[in-house]
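Undergrad: In case you want the letters, here they are:
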Amino acid sequence: MISANLRIVAIAGSLTLLVFIVELVRRRRLKEEYSVLWVLTALVLLLLAVWEGLLRELAHFIGADSQASTLYFFGLLFVVFLLLHFSMRVSNLERRVIVLVQEIALLGERDGTGSSAADGGDYHAAIERERERETSLS
Amino acid sequence: MPDLLIIIPAYNEQGRVGRVIEDVHDALPGADVLVVDDGSSDGTAQDARAAGAAVLSLPVNSGYGVALQTGYKFGVRGGYETIGQIDADGQHRAEYLTAMLEALEEHDADLIVGSRFLGADGHYKPPFARAVGIGLFAHLTSSITHEHISDPTSGFQLMRSRVARLFCSDVYPTDYPDADVLILLHRTGYRVREIPVQMRPSPGKSMHSGHTGPYYVYKMLLSIFVTLLRRGTKVIPRAELAP
Chain F
1 MISANLRIVA IAGSLTLLVF IVELVRRRRL KEEYSVLWVL TALVLLLLAV WEGLLRELAH
61 FIGADSQAST LYFFGLLFVV FLLLHFSMRV SNLERRVIVL VQEIALLGER DGTGSSAADG
121 GDYHAAIERE RERETSLS
Chain P
1001 MPDLLIIIPA YNEQGRVGRV IEDVHDALPG ADVLVVDDGS SDGTAQDARA AGAAVLSLPV
1061 NSGYGVALQT GYKFGVRGGY ETIGQIDADG QHRAEYLTAM LEALEEHDAD LIVGSRFLGA
1121 DGHYKPPFAR AVGIGLFAHL TSSITHEHIS DPTSGFQLMR SRVARLFCSD VYPTDYPDAD
1181 VLILLHRTGY RVREIPVQMR PSPGKSMHSG HTGPYYVYKM LLSIFVTLLR RGTKVIPRAE
1241 LAP
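Heads up: the sequence lines are chains F and P, in that order. Per the numbering used here, the first sequence starts with residue 1, numbered consecutively. Per the numbering used here, the second sequence starts with residue 1001, numbered consecutively.
Worth flagging that the hints you see were computed from the coordinates, not collected in a lab. A quick note: this is a predicted structure, and the numbers were derived from the prediction, not measured. Just so it is clear, CB atoms sit at the ideal spot from N, CA and C, and this is done for glycine as well. Be a bit skeptical, because a hint or two may be false.
Under 8 angstroms between C-beta atoms, here's a sample of chain P residues computed to sit facing chain F [to be verified]: (1) Val1060; (2) Ser1062; (3) Val1066; (4) Phe1074; (5) Ser1142; (6) Thr1145; (7) Lys1219; (8) Ser1223.
Produce the entire structure from the sequences given, and follow the hints as far as they go.
TA: Here is the structure:
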């Protein structure tokens, strides 16, 4: 049995999360594909908060002492999955950045400028300034 | 069709890279030399150009494997038949490239690795922790590939363009290309051979600083393990490639 207060907080919290996610998607601040895990998290938390029988069964199933800790456990589990999901996204982004970095280098060769971090116009000047600053500090 | 490209990945090697380029030109007058400048903040790129090499500059520092793979892409697109790689810090001696080139033909191999341990002359003594790491991976690589691999961490290599073409794909581990690459080649049906080379002592720092420590061992074990799990991936076996 979870307290009425916790139930209210859990329901309000997951509802707020749900509304917030939908609003972010509506304003195009969050892409639809990234919203999937978040919506799932919010829905499952809402379901557990509303349906006490399910929570009791689950608590019994995982051998938890209290239903409240069951709620936390599943909340945490979803957060872990979310983080894993983002690690995958970052890995994918890194892979794409590497391809782009390589293509930029290969393009530089093609147009004959051989654009380089160390000799490309303003960038060069910025690095020069940075180096001077470092030597003056040391 | 151009024949031979030597790739030199370089990060802040001003003052050293020029000498390496000259050595390569002396050893292999017909070879094109490409320096992949890995976002250096010093005059590496200018030095390399002055010494007569083509230069590709990565806009941000991206690591040894990324720089090398850029070179492979350049070589494959340029239609080079044979592609070699040598370190910019002067540790590898360019004069061995000729022997490596001969070995490639002689053994009908796809990749030749210059090994500093094969001669067993004991000229090269790595620090203890490194020696343990290299020994472990040499043993592991040898037992998996059933080939005698004594120096899986050596970046002194010469390969045929079909190997470079494979390295241009996603299967190439750009973070630490090493023993896992040799195992990948073996499983794809490519022939890897080692020949003995002498190396100069490493000047310390450089792009290979990541090649020690617990993370390196962990990453290499994991990488070898998943390479073994990837049975029948999208990798094109040697037999299906044009010569």
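Undergrad: Determine for every hint whether it applies to the structure shown.
TA: We went through each hint and held it up to the structure:
no.	hint	result
1	Val1060	6 angstroms, holds
2	Ser1062	5 angstroms, holds
3	Val1066	5 angstroms, holds
4	Phe1074	6 angstroms, holds
5	Ser1142	31 angstroms, violated
6	Thr1145	27 angstroms, violated
7	Lys1219	14 angstroms, violated
8	Ser1223	14 angstroms, violated
Violated hints, listed in ascending order, are 5, 6, 7, 8; each of the other numbered hints is respected by the structure.
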